[in-house]
Amino acid sequence: MVTSVDICGVHFKNPVVPASGTFGFGLEMAPVYDLNLLGGISLKGTTRDPRFGNECPRIAECPDGMINSVGLQNPGIDALLRDKLPALRSLYGGVVIANVSGFSVEEYSECCARAASAPEVDMLEVNVSCPNVHGGGLAFGTSAKAAAEVTSAARKACGGKPVFVKLSPNVTDIVEIAKACEEAGADGLTLINTVLGMRIDIRSRKPVVANRYGGFSGRAVFPIALRMVNQVSRACNIPIMGCGGVSRAEDVIEMMMAGASLVQVGAENLRNPMVCKEIVESLPLVMERLGINDINEIIGIV
Amino acid sequence: MKQGTYSISANVEIASGIFRMRLEGDTSAFLRGGQFVDIAVPGFFLRRPLAVREWDDKGFDVVYKVVGEGTAILSGLKEGERLEVLTGLGNGFDARACRSSALVVCGGLGASPAFSLVKELLRTGRKVTVILGFNRATEVVLFKEYQALGADVHLVTVDGSAGLKGFVTDAVNLLSPEYDYFYTCGPKVMMKALCGQLEGPGEVSLEERMGCGCGICYGCTCHTVSGPKRVCADGPVFKKEEVIW
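Chains U and L supply the protein sequences, listed in that same order.
Using the numbering used here, read the first sequence as starting at 2 and increasing by one per residue.
Using the numbering used here, read the second sequence as starting at 11 and increasing by one per residue.
In isolation and in its complexed conformation, chain U is listed as follows (with noise of 0.2 Å):
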């Protein structure tokens, strides 16, 4: 049985990877499961200067899923380079993906230059659709001519590394902004970051999040996520890294059946550490029950 799968010339053991934000450096998690069983990992987005994020209350509960507003809170590209990618790499054999994040073209120009300088970094993810800040990332991620001009510049500075950009389901049309990045050059797309939302406290007559809102994620936006990456994967050709609600090996299934080549697994990470331990050991007796030889042949099938 075949569950590895290549893309952009990275081999990846299994199509499962913990989605930025919700896995830390993967440091944290080494004591509690061998981090070799995953495919990749995607680090927590990381900005040219250390950054404290948004004011707590960051999290809110919600039916199926979360609200975060954390808000890009990162050491800084230094510290990634100098601290969290030597000691990750020190006990993990798998594909790094360092996650990018800028308020200036010029900001993830440099980011992704330095990352991608980074020997332990595999590929790289430019994110331009975290919702939590602004005047940066999703001020990209919603205009297709941004969200261009922004890849353009990520892909010149990574050298030879594939340059997967991270999109926002909030916006008119994500199909226009994925065709924008491919013909700028990106060699892959994930998607779905958040979709921007909002709880409010009814005692106390305010919003549960000090930033008033923030990114719901969760099983909840599984069947968004879905549609997205299928509509993208038939419009586009490259790649897609599929992303939101992903919470079993039933729903890798589902992802890759969609036009998924890799499967994040986000906010589910934050319930169930375990979680992505648990979709890689099942995810072969899942393929076996349906009949599954190579997962690449159920690669957007539908």
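Since the hints were derived computationally from the structure, they do not count as laboratory data.
Be aware that one or more of the hints could be misleading.
Stated by the list, open to error - Derived lysine-lysine pairs resembling DSSO-like cross-links, with alpha carbons at most 27 Å apart:
no.: 1; chain 1: U; residue 1: Lys207; chain 2: L; residue 2: Lys198
no.: 2; chain 1: L; residue 1: Lys137; chain 2: L; residue 2: Lys12
no.: 3; chain 1: U; residue 1: Lys146; chain 2: U; residue 2: Lys157
no.: 4; chain 1: L; residue 1: Lys250; chain 2: L; residue 2: Lys129
no.: 5; chain 1: U; residue 1: Lys207; chain 2: L; residue 2: Lys202
no.: 6; chain 1: U; residue 1: Lys278; chain 2: L; residue 2: Lys12
no.: 7; chain 1: L; residue 1: Lys154; chain 2: L; residue 2: Lys129
no.: 8; chain 1: L; residue 1: Lys154; chain 2: L; residue 2: Lys88
no.: 9; chain 1: L; residue 1: Lys129; chain 2: L; residue 2: Lys68
no.: 10; chain 1: L; residue 1: Lys198; chain 2: L; residue 2: Lys75
no.: 11; chain 1: L; residue 1: Lys198; chain 2: L; residue 2: Lys175
no.: 12; chain 1: U; residue 1: Lys207; chain 2: L; residue 2: Lys137
no.: 13; chain 1: U; residue 1: Lys207; chain 2: L; residue 2: Lys88
no.: 14; chain 1: L; residue 1: Lys249; chain 2: L; residue 2: Lys12
no.: 15; chain 1: U; residue 1: Lys162; chain 2: U; residue 2: Lys14
All of these numbers come straight from a predicted model, not from anything done at the bench.
Starting from the known structure of chain U, fit chain L onto it as the hints suggest.
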């Protein structure tokens, strides 16, 4: 951190809207008083982080207040029902930081995570003064349990319906206890006032809305003098001088 399934052996209301739940199962991940567990509540996406009051080799208990829909569901669970729990989370209090006499000041349910700390301080021969503060008599919990440990315990309520009348800071002024190290757990405003009032070194246990409870989501970050720290994984206990209030 360990993940496991636990069986409820008791779930009783011990004060107005406040429950004590005992869970039977593996406690090998518990290291220090002040650590917490993250309980998967049936029907909810995120877990509920709750401080551990006490544990032994067969199980542990938590004291919680019904404050929302998740804790309301918890309060209705019966003996024999099972819960999936992450255990051994957070750093906990450092009992060794105290040389010979400790002051432990708790507000409300802050009395719960400090319980095992006080037990450890007494077990290792330290003199311990405990001040427990509550809003009113109907909310008092664990006072008798602290007395049974053999600590010098003082009760204070805001409305004077039990013990001394006033805030814990008033009780500290009145009692002027001897201590070389203090520990506090309770509402943020209380701990801030206390840290301004008390001289000398100490530890505070912070609380925040959490996502994962185990350090991977950065959802519960607080400001400290050495930069952003995760309450769940770098805390919840911080040195007094670390916290930026």
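Status of each hint after checking the structure:
1. The hinted pair formed by U/Lys207 and L/Lys198 meets the criterion: a straight-line CA distance of about 19 Å does not exceed 27 Å.
2. The suggested pairing of L/Lys137 with L/Lys12 is violated, with an alpha-carbon distance near 33 Å, which exceeds 27 Å.
3. Distance hint between U/Lys146 and U/Lys157 is fulfilled; the C-alpha atoms sit about 17 Å from each other, no more than 27 Å.
4. Between L/Lys250 and L/Lys129, the direct Cα distance comes to roughly 22 Å. Compliance with the 27 Å bound is thereby established for this hinted pair.
5. Taking the CA atoms of U/Lys207 and L/Lys202, the gap is near 24 Å; set against the 27 Å cutoff, the hint holds.
6. For the suggested pair U/Lys278 and L/Lys12, the alpha carbons sit about 14 Å apart, so the restraint of at most 27 Å is met.
7. Proximity of L/Lys154 to L/Lys129 is assessed by CA-CA distance (about 14 Å); at most 27 Å being required, the pair is judged to hold.
8. A distance of roughly 25 Å separates the Cα atoms of L/Lys154 and L/Lys88; the hinted pair therefore holds under the 27 Å criterion.
9. As the CA atoms of L/Lys129 and L/Lys68 are separated by approximately 18 Å, the hinted pair is consistent with the 27 Å bound.
10. For the hint linking L/Lys198 to L/Lys75, the alpha-carbon distance of about 17 Å falls within 27 Å, and the restraint holds.
11. For a cut-off of 27 Å, the pair hint linking L/Lys198 to L/Lys175 stands: about 20 Å separates their Cα positions.
12. Of the pairs offered as hints, the one joining U/Lys207 and L/Lys137 is violated, with about 44 Å between alpha carbons and a cut-off of 27 Å exceeded.
13. Note on U/Lys207 and L/Lys88: the hinted pairing is violated, with a Cα-Cα distance of about 34 Å set against a maximum of 27 Å.
14. With a CA separation close to 26 Å, the supplied pair L/Lys249 and L/Lys12 stays within the 27 Å bound.
15. At most 27 Å may separate the alpha-carbon atoms for a hinted pair to count; U/Lys162 and U/Lys14 meet this at roughly 19 Å.
Violated hints for the displayed structure, listed by number in ascending order: 2, 12 and 13.
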